[in-house]
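All chains should be built: construct the whole structure from the sequences, respecting the hints.
Protein chains: 2
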Amino acid sequence: MPYELFYHAKIQGRGEFVRLALEDAGADYVDVARSGEAGTAAMFALINGEGVERPPFAPPFLRDGDLVIAQTANILHYLGPRIGLAPQDEAARLFLLQVQLTVTDFIKDIHDTHHPIANSLYFEEQVDAAKLAAAKFIELRLPKYMSYFEKIIVRNPEGGRYILGSSVTYADLSMFQLVAGLRYAFPNAFGRAEQNYPRMIALHDEVKERPRLKAYLASDRRIPFNEMGIFRRYSVLDP
Amino acid sequence: MPYELFYHAKIQGRGEFVRLALEDAGADYVDVARSGEAGTAAMFALINGEGVERPPFAPPFLRDGDLVIAQTANILHYLGPRIGLAPQDEAARLFLLQVQLTVTDFIKDIHDTHHPIANSLYFEEQVDAAKLAAAKFIELRLPKYMSYFEKIIVRNPEGGRYILGSSVTYADLSMFQLVAGLRYAFPNAFGRAEQNYPRMIALHDEVKERPRLKAYLASDRRIPFNEMGIFRRYSVLDP
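As they're listed, the protein sequences go chains W and F.
Count along the first sequence from 1, then add 714; that gives the number in the working numbering.
Count along the second sequence from 1, then add 714; that gives the number in the working numbering.
Since the hints were made in silico from the structure, they are not lab data.
All the pointers check out, no bait thrown in.
The list treats identical chains as interchangeable, and a pair is accepted whether it falls inside one copy or across any two copies.
Cut-off 20 Å, straight-line C-alpha distance, at most; resulting in silico cross-link-like pairs (EDC-like, lysine to aspartate or glutamate):
id : residue 1 : residue 2
1  : K850      : E838
2  : K850      : D823
3  : K858      : E764
4  : K865      : E767
5  : K858      : E767
6  : K865      : E764
7  : K865      : E920
8  : K865      : E908
9  : K922      : E864
10 : K845      : D952
11 : K858      : D952
Bear in mind that the values here come from a model prediction, so they are computed numbers and not experimental data.
Structural data, given as structure tokens:
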């Protein structure tokens, strides 16, 4: 039975970190909400349905048989060893989960550059706050997170190429997505900063050439970056 | 060998969710940074030291022998079955991790009511944005999260008292902390809303009477809420 991924049909968003893992692994999966209106209805039925014993708070979530698992990092923690994108041993899995949760924090900071006050308000209603938030993000948070991930790769005793060990894990796919997203959202600021993170850039470049991922990125299954997701390109936020 | 918890010495913060678990379990642990300046230095040495192979991004983190585990939910995921605050089976552990990660998201939203633009700016520098952020939080995010946790308890087929099963897990201790913190930060807004979450209030009331936790809460190991942590009482944010 295929894995069923439930996530919004028109954005990469947090679901993309799961899509990248499923695609890179060549896993058998269905992207339920992208299969049409019935799929989107099925997604919201699992969140809002009266009969669901353990409903997710929000997408993304994954169904594997009877099990429904929500929260991006939790999904990847579950999938990792099953699809060949994480080792089996506990210490390694905990470290990957730790890194992925740091990605979660970083993504929230990235998202909040365009929606610092409330997600329920339009960007245009909080653009002054967003300008200040983005400037502080570019000055402080961006280098703090990027330096951290760079350091993790540098200190990896097995070659200095990956987040963990000597082969690609789901966390490496997330590093690819961070670099791709930051290039989209902050071409100026991130363009100036990229040279500080050579291992991250090398990892991004390696990941995007992996055959299954390369095919995915060239397909219409890869939703283009747009101004509804986490990474948005607003020129006023990237002077 | 005792567990070693590394977290800031003067706030409850995210570390408190781990402290509550260790205290409730009667686990043998040292709160390293609270043991004095050497403890704080040891904490930052693990984050910033050149020789650390897998450094944490930030506190809290836990050391158990050779293993260093960062990210609050990851620490609780690790500790849970070891200290009797989570079952052993995978589906249950994944669900608790999912709930705890939803707590993580909620806490970030709570924190951002007083620091919507940047953590690096003072509250006083972003008070207008904070007023709007807090109003939107009280209107939308607070009821959304609280209703979700309430629903999880109601739908628990084993009695409707706890997040999972028929005994207290680390996630229940986190529910206690959410209620206590919201009462501190938003006495007016949360005071008006409390009646909508009777299971959450009952769980809070039960947890605080657990003997070891009651002793902890009455001790000077429990740092009082203050205006440096996640939950802050600013009257302008709680009209």
